[in-house]
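Undergrad: In case you want the letters, here they are:
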Amino acid sequence: MTIRASLLGAVAALAFAAQAAAQDFIIVNATLVTGDGSEPIEDGVVVVERGRVAYAGPATGQSYATDQIIDVNEAWVTPGLVAAVTDLGLVDVSGVASSNDISASDARFNAALDVAPAINPISQHILVARTNGITRAFVAPDPSNSIFAGQGAIIDTSGDGDVVMKPRAFQMVTLGEGGARRAGGSRTASHVELRNALREARDFAAGRWSGEDNLLTRADAEALGPVISGRQPLLVAADRASDIRAVIALSKEFPRLDLVLVSATEGWTVASEIAAASIPVIAESLQDLPERFEQLASTQSNIGRMHAAGVEVAFNASSARFTHMYTQYAGNLVALSHMPGASGLTWGEAFASISSAPAEAMGMGGQMGVLKPGAVGDVVVWDGDPLEVSSAAIRVFIDGVEAPLESHQTRLRERYRDLDESDLPKAYDW
Amino acid sequence: MASVMRVIVGMGSAMALAACATTGSSEALADNGDSTSTAVETSPVFNKDPYPSTYRPYPGVPTALVGATVFDGTGREFADTTVLFRDGKVEAVGSGLDTSGYTVIDGSGKYVTPGIIDIHSHLGDYPSPSVPAHSDGNEATSPTTPDVWAEHSVWPQDPGFSRALANGGVTSLQILPGSANLVGGRSVTLKNVYSRTVQGMKFPGAPYGMKMACGENPKRVYGGRNRQPSTRMGNFAVNRQTWLDVKAWAEKDERKRDLGKETMAGVLDGEILIHNHCYRADEMALVMSMAKEMGYRVSAFHHAVESYKIGDLLRENGVCSAIWADWYGFKMESYDAIPENGALLYQAGACVVIHSDSDQDIQRLNQEAAKAQAAGARIGIEIPDGEVIRWITLNAATAMGIEEMTGSLEPGKMADVVLWNGDPLSVYSRPEKVWVDGALLFDANDRKRRPVSDFELGQPGEGDVK
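Going down the list, the protein sequences come from chains A and B. If you read the first sequence in our numbering, its first letter stands for residue 1, the second for the next number, and so on. If you read the second sequence in our numbering, its first letter stands for residue 1001, the second for the next number, and so on.
Source of the hints: derived by calculation from the structure; they are not laboratory data. If you're wondering where the values come from, they're calculated on a predicted model, not measured in any experiment. The C-beta atom is built at its ideal place from N, Cα and C for all residues, glycine as well. Worth double-checking, as some hints may not be accurate.
[Said to hold, decoys possible] No farther apart than 20 Å at their CA atoms in a straight line, the calculated lysine to aspartate or glutamate pairs in the EDC-like style are these:
| hint | chain 1 | residue 1 | chain 2 | residue 2 |
| --- | --- | --- | --- | --- |
| 1 | B | K1331 | A | D92 |
| 2 | A | K426 | B | E1333 |
| 3 | A | K426 | B | D1282 |
| 4 | B | K1256 | B | D1147 |
| 5 | B | K1331 | A | D142 |
| 6 | A | K426 | B | D1312 |
| 7 | A | K426 | B | D1253 |
| 8 | B | K1048 | B | D1258 |
| 9 | A | K426 | B | D1336 |
| 10 | B | K1247 | B | D1147 |
| 11 | A | K166 | A | D258 |
[What the hints assert, rightly or not] A short, non-exhaustive set of chain A residues, derived as facing chain B with CB atoms under 8 Å:
| hint | residue |
| --- | --- |
| 12 | H338 |
| 13 | A342 |
| 14 | R413 |
[Said to hold, decoys possible] Short derived list, chain B residues pointing at chain A, Cβ under 7 Å:
| hint | residue |
| --- | --- |
| 15 | S1128 |
| 16 | S1130 |
| 17 | Q1367 |
| 18 | A1370 |
| 19 | A1374 |
Kindly generate the complete structure, drawing on both the sequences and the hints.
TA: Structure representation (structure tokens):
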């Protein structure tokens, strides 16, 4: 009986999410995290109006016109997390090729590949991510047969019909070992390939495209137009210190590029140079093994050391084994701050590394991952410290609309809470 | 002659331990009976331990950890307690103990657990750097390769061992062959202490395990080559015929040496423990029936993401589930994984072990266990912290057949001990000191008391905190 009731509740909630407009609401009595790197504050208030944050901070006594006041009774309240970079929505089961749109190994195109129309907003992985407090994601394709992976999108995890907040938000390119393999077997080839592509794109943009003697397809050359003009960030995956330096050199050679470093496992060894070049980093986090020769200096202190050197650094969600482990991994950065010789982050900085920092790295600072006026109304209520492994999100609002926390996983959990089949098989328990 | 004697003595203790592991579950014993005891008596005379452990504990000092919260691995938790160890062995856990003659370490505000044990690791057989030249975990040339031994693949210079020790507090681990094959070969259990040779790491007296695999992997690998098995029914057909062939071989009076059959006969004899990679509940049930049909016992299902669907069956058969906390949806047979798996198993009275199968997650088994605990708490299944620590210590040891020697802080056991700088079930805590057989082999406060593998010498990051 209770199971039936909870199902009806789920259906109703889904319908609500799909149809409802954002309602204004006020959260009071919160242990409030604004996501800007500051520490939590007690007795916090969040005001959401027309789907956006109107106020977040200490209780001021100011009155607001709303009938919806949510007293969270000192629970933790945070901005929704921003997962950068991830494959959320591109795959149901990674090992099942037909359900997997992460990379296009036999495609004729590369830079022109665009994840936006491929995203499945109700993929179970999106639902699981939402249950873990992730409300925005920078969804990127993986490279396949070219150093260019294609164009990523910024999405929300509401599961409604309009999750793509910004299509073609960035381009992905891979250097280092992976780029070398794809370009023809050597880093020498990947650097020529990259420069040639940028030149051909520049020709295309300038109307000098002949179609003859070009290596890019017309679609790929066109797709790289916003990259060479600096309107679309170019995310460059590189790990070895020398590869990172090559990216810094690229920024001098092509000053209009809006470069963002991705992974940068050895970034800490060249942190001052990255900081001087003002290139943000969406960084490898807990990798501490020389899995590849380009990662010999890997350490869990990578993010902490880069941060200390003044690098604008965010946490790469794809460096967590699963996207839903985002908070756990960030919590580990706090743990490092207590270890002799290691470098971690303060609690507030660690939280920011998975909320506001990814947004800032992508030029979306102030718009998401933070509770401040004008930001999207993505608010998460937690049952404990959100970076602690024992905690979970208990309420998630996206654009001011509460999203359900049901999934295939929660339905299985309810079915198998007991193993009683005395009346009917489990298949009837739904 | 003396060395031969030592081999035989060593074997005897290994067999005794294997028997302990087997009798750990009275249900399983009742199910299997003693239908398979004949093979031992007619075994041809050969050295069953040709690559013996040369591990020797390193020197330690008598040590008293005073005032910490202690999880002893058996499920118990003691506040403000002292742990004494000396000569490589745990002496006592209690309050008001005399610490004179011991090096006293203040544990107030800190926590003590037994050394963490990973029942499922590929350190050494898939070492870092993970280049093809190092890919030594799957002898994927035949669906059944019981003749291969993981210890012949383990590279003792894998940098991963050091991370597992320093960040994970791991003191013992089982290295398994991969899961490409239905029968993958023998596992090896190691002390997490670097050595010039793999034999120098081998856990003295640990029984061998044998890896088996259900489901997608074997049928994909061999079906892709247009040979049996290409289906799940093919998996079972090959498994059953292989067991029948072993039994026929074992019943002969005169036998030629056969490495594969010797290993599988060792399983039938209860000397070698089965570690069966198996995701789906329905397949685990079939495997338990196959084990009864053929006369062996499964010690643990690994990657058992659907165990929660058959907690009752697993309890009745006395089979442990070695699981991740929340890995999900990466292959078809993991699509029904749920984070409450461990808690639902615990509720059903079945054995839970948290495993890693990862050179990264082996550094966070404590966190994985805590996640599984918390998922239970959210649905009303309250599991005491001490029980959760047991999932990564004594339960793992039991399923590996080394529970008489390690896995808990009980007098006479190996002094495999971790001092944590905070609650090990918190994301904010890390090992501060780790002892193996009473020897201090990691100390966060002493930068030289941290192992650095040969591979990392003279390279970027040598000796870093990692």
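Undergrad: Output the indices of the hints that this structure fails to meet, ascending.
TA: 7
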